[in-house]
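For the record, the sequence lines run as chains A and B. Per the numbering used here, the first sequence runs over residues 283 to 663. Per the numbering used here, the second sequence runs over residues 283 to 663.
No lab work stands behind these hints: they were computed from the structure. Be aware that a few hints might be false.
Copies of the same chain are indistinguishable here, so a pair counts whether it falls within one copy or spans any two.
Unchecked claim - Cut-off 16 angstroms, straight-line C-alpha distance, at most; resulting in silico cross-link-like pairs (EDC-like, lysine to aspartate or glutamate):
| id | residue 1 | residue 2 |
| --- | --- | --- |
| 1 | K597 | E652 |
| 2 | K576 | D354 |
| 3 | K651 | E596 |
| 4 | K597 | D659 |
| 5 | K593 | E652 |
| 6 | K357 | E329 |
| 7 | K593 | D649 |
| 8 | K614 | D659 |
| 9 | K428 | E596 |
| 10 | K656 | E596 |
| 11 | K597 | D342 |
| 12 | K656 | E600 |
| 13 | K337 | D369 |
| 14 | K597 | D649 |
Quick caveat: nothing in here was measured; it's all calculated off a predicted structure.
There are 2 protein chains.
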Amino acid sequence: MLSKLRSLRPLNRRTMIYGAIATSTAIATGCGKDKTESTPKQQPSVEWTMVSFLKEDAKDLILYQAPQMVCDLIKQMSDGEFTITLDNSENIATEDILKKVSDGDVQCGYSGIYYNDATYKVLFFGSAVPFGLTPQEQNAWLLYKKNPNDKLTFMQGIYKELDLNVIPFPAGGTGAQMGGWFNKEVKSPNGFNDLVMRIPGLGAEVLRDYFGVKLDENLPGGSIPITQIKNAFKEGKIKAAEWIGPYDDLQLGLHEVAEYYYYPGWWEPSTTFDVQVNIAAWDKLSSKYQEIFKAACFETHTRILAEYDQKNSEKLGEILYLETSGQIKVRKFDNSIIKQAKESTNSLLAGYAQDKTFKKVYEEWFDFKERIRKWSDLSIM
Amino acid sequence: MLSKLRSLRPLNRRTMIYGAIATSTAIATGCGKDKTESTPKQQPSVEWTMVSFLKEDAKDLILYQAPQMVCDLIKQMSDGEFTITLDNSENIATEDILKKVSDGDVQCGYSGIYYNDATYKVLFFGSAVPFGLTPQEQNAWLLYKKNPNDKLTFMQGIYKELDLNVIPFPAGGTGAQMGGWFNKEVKSPNGFNDLVMRIPGLGAEVLRDYFGVKLDENLPGGSIPITQIKNAFKEGKIKAAEWIGPYDDLQLGLHEVAEYYYYPGWWEPSTTFDVQVNIAAWDKLSSKYQEIFKAACFETHTRILAEYDQKNSEKLGEILYLETSGQIKVRKFDNSIIKQAKESTNSLLAGYAQDKTFKKVYEEWFDFKERIRKWSDLSIM
Numbered sequence: 283m284l285s286k287l288r289s290l291r292p293l294n295r296r297t298m299i300y301g302a303i304a305t306s307t308a309i310a311t312g313c314g315k316d317k318t319e320s321t322p323k324q325q326p327s328v329e330w331t332m333v334s335f336l337k338e339d340a341k342d343l344i345l346y347q348a349p350q351m352v353c354d355l356i357k358q359m360s361d362g363e364f365t366i367t368l369d370n371s372e373n374i375a376t377e378d379i380l381k382k383v384s385d386g387d388v389q390c391g392y393s394g395i396y397y398n399d400a401t402y403k404v405l406f407f408g409s410a411v412p413f414g415l416t417p418q419e420q421n422a423w424l425l426y427k428k429n430p431n432d433k434l435t436f437m438q439g440i441y442k443e444l445d446l447n448v449i450p451f452p453a454g455g456t457g458a459q460m461g462g463w464f465n466k467e468v469k470s471p472n473g474f475n476d477l478v479m480r481i482p483g484l485g486a487e488v489l490r491d492y493f494g495v496k497l498d499e500n501l502p503g504g505s506i507p508i509t510q511i512k513n514a515f516k517e518g519k520i521k522a523a524e525w526i527g528p529y530d531d532l533q534l535g536l537h538e539v540a541e542y543y544y545y546p547g548w549w550e551p552s553t554t555f556d557v558q559v560n561i562a563a564w565d566k567l568s569s570k571y572q573e574i575f576k577a578a579c580f581e582t583h584t585r586i587l588a589e590y591d592q593k594n595s596e597k598l599g600e601i602l603y604l605e606t607s608g609q610i611k612v613r614k615f616d617n618s619i620i621k622q623a624k625e626s627t628n629s630l631l632a633g634y635a636q637d638k639t640f641k642k643v644y645e646e647w648f649d650f651k652e653r654i655r656k657w658s659d660l661s662i663m
Numbered sequence: 283m284l285s286k287l288r289s290l291r292p293l294n295r296r297t298m299i300y301g302a303i304a305t306s307t308a309i310a311t312g313c314g315k316d317k318t319e320s321t322p323k324q325q326p327s328v329e330w331t332m333v334s335f336l337k338e339d340a341k342d343l344i345l346y347q348a349p350q351m352v353c354d355l356i357k358q359m360s361d362g363e364f365t366i367t368l369d370n371s372e373n374i375a376t377e378d379i380l381k382k383v384s385d386g387d388v389q390c391g392y393s394g395i396y397y398n399d400a401t402y403k404v405l406f407f408g409s410a411v412p413f414g415l416t417p418q419e420q421n422a423w424l425l426y427k428k429n430p431n432d433k434l435t436f437m438q439g440i441y442k443e444l445d446l447n448v449i450p451f452p453a454g455g456t457g458a459q460m461g462g463w464f465n466k467e468v469k470s471p472n473g474f475n476d477l478v479m480r481i482p483g484l485g486a487e488v489l490r491d492y493f494g495v496k497l498d499e500n501l502p503g504g505s506i507p508i509t510q511i512k513n514a515f516k517e518g519k520i521k522a523a524e525w526i527g528p529y530d531d532l533q534l535g536l537h538e539v540a541e542y543y544y545y546p547g548w549w550e551p552s553t554t555f556d557v558q559v560n561i562a563a564w565d566k567l568s569s570k571y572q573e574i575f576k577a578a579c580f581e582t583h584t585r586i587l588a589e590y591d592q593k594n595s596e597k598l599g600e601i602l603y604l605e606t607s608g609q610i611k612v613r614k615f616d617n618s619i620i621k622q623a624k625e626s627t628n629s630l631l632a633g634y635a636q637d638k639t640f641k642k643v644y645e646e647w648f649d650f651k652e653r654i655r656k657w658s659d660l661s662i663m
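Chain A on its own, in the form it takes in the complex (with noise of 0.2 angstroms):
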């Protein structure tokens, strides 16, 4: 779906000065309270910023609530003494967030960690993986602890494996997405040669090299910007491109320029987007405030993530309208796509399983997935 929606960005733009902790102790004691129990204890103010990859021209996504619904939460939960400044300018590179954040030049950073370079890729077992785990087991894996006493979670320990000085916390996901637009019809593994797709992440992977799929060689990862994609359309520069689902999706208006709708979407069945966190900045917080931020992220994983549920749903019916209107065709993939897309990205893991610490994380991931699918399956009717 989303991708690198910022890709363009030069790398190195680190002019911007974020507002430095402010940790003004206003301690007022002993001012004629004679119950100490009902004294309030006295906090100091934290003013953070927090930037995003999310920028004004994503303000349709239902995704693009999040940033700002845990800034808001954490401002109504502190009476506003933690305050954090959304900062999305059109200079911040999605794909400097997590560097930015783990070099403590900001706070906390909003962002898809499947933006980021291969360095990082082991990360993605956190955000979207082909073929990967539905919503409601990726937030069993997201919260899973190899040891129940551990302090972080799994995939937050991994961030401290890698030194990136960042605490990860989920705070909204799309739910399952569907396949993607495509302008002409793809009935076998084969028709996906020489297309032009727009794609990022694994899912972009495993077509490029299992499928022969052309990402534009302008545009890294395979993604151009969220303003461009029904241009690209348009100009006869993509034949086909992935984005969310039916909501977003009829925002952008991609079923005007692409006639066929397929699902389901294997290269993105659950995809989570996090808050990342200095971890310096973090240390400093009060355990008050690090709760606060804590459950802020929480309601907006969840509220966000039934939003699209709920908005896919109510659109699906309008998907459907427009099927039976003759104005789209919607197409499930067919099984022998499904099948060489589910080899293929197995061979790609594999590859990527020659780091260690891929290796490490893929295990625990697989066998999680494999262990909690067939509890997830007992319960289909």
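Could you slot chain B onto chain A? The hints should help.
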């Protein structure tokens, strides 16, 4: 699954004195702050009580953690200024909790709404309905607003319509459940005839009215206290019992007293438990505390469901081992059973829809289910 854990308790125990709303307005002004925005606003401390249906004997259930988790999170996020004491005394009857909260005898209560009597059967749509929503769909339903600008969710609005003076917040779901333990094989709908079974809720009504199941007449709602289930099997008083899923069921030792373990748990595909809050108490909270309360419920809700999914999937392995070693038999309900149960559920719900409010919610829920299930099914691979 769960049930009126204390269904034998007398209904008129109202002698407990619950903590009043302590709003000691400790306002400290003019204490030498020179920077208004860094001076913490003074909050009155609040002391509440939460009654819970989960007693000490339920301490091995995953769900048991939920009410205390809500209280702990609220305390942490308010730095001890908003404290809720959990009261799970033996003398608080499960079916009294809704009324206690509604009457303002206590500020809030933790319960499964499906333990209440027929007057409030419409509220089951927020908790558990046979062949209802999956846990993920259920979350979308629980947050569903008919009009996006409504302040309350659709289900919260129904509490208002019933003049209950209660606002509910989902705070814990068990996820999918198993069909339960049987000491005989049930191969067809006839197999249930005259079977004495421990089961509460609408599932019990379906089995009683359409399958000839006998609910223990001494135990209202066909349910017996948690500590008695295993013994009731041993003593031959019951031949079948449903509880929750692999983890909780193994904790209870049901595999030691019954041979057959059936799935899917069509009567409770996604059971939700709520914190019910008295409206007058809620309205007295500052918006800060309201937000903290709400977020604590969101976090608890997500954590509990994730833990159920994770631990059930782990313990499913143990269940399958027990089967391999010949100790139990794991069986899927025959399609003829599922088919009749589905039809019977529809008849039962149609009967309840003679009631105006029930009809309204049922229709809204039914449409929602049809719509969101179509969307869910698109992503099955």
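Okay, the hints, checked on the actual structure:
1. K597 with E652: Cα proximity of K597 and E652: across copies only (13 angstroms, versus 32 angstroms in one copy).
2. K576 with D354: Both, since 13 angstroms and 14 angstroms are each at most 16 angstroms.
3. K651 with E596: This pair counts as between: shortest inter-copy Cα distance 11 angstroms, intra-copy 29 angstroms.
4. K597 with D659: between (27 angstroms within a copy, 15 angstroms between copies)
5. K593 with E652: between (30 angstroms within a copy, 14 angstroms between copies)
6. K357 with E329: within (10 angstroms within a copy, 23 angstroms between copies)
7. K593 with D649: between (33 angstroms within a copy, 14 angstroms between copies)
8. K614 with D659: For K614 and D659, the Cα distance is within 16 angstroms only across copies (12 angstroms; inside one copy 21 angstroms).
9. K428 with E596: Classified as between: cross-chain Cα gap 12 angstroms, same-chain 38 angstroms, threshold 16 angstroms.
10. K656 with E596: between (30 angstroms within a copy, 10 angstroms between copies)
11. K597 with D342: This pair counts as within: shortest intra-copy Cα distance 14 angstroms, inter-copy 43 angstroms.
12. K656 with E600: between (34 angstroms within a copy, 13 angstroms between copies)
13. K337 with D369: Within one copy only: 9 angstroms inside a chain, 48 angstroms across chains, cut-off 16 angstroms.
14. K597 with D649: Answer is between: at 14 angstroms across copies they meet the 16 angstroms cutoff, but 35 angstroms inside does not.
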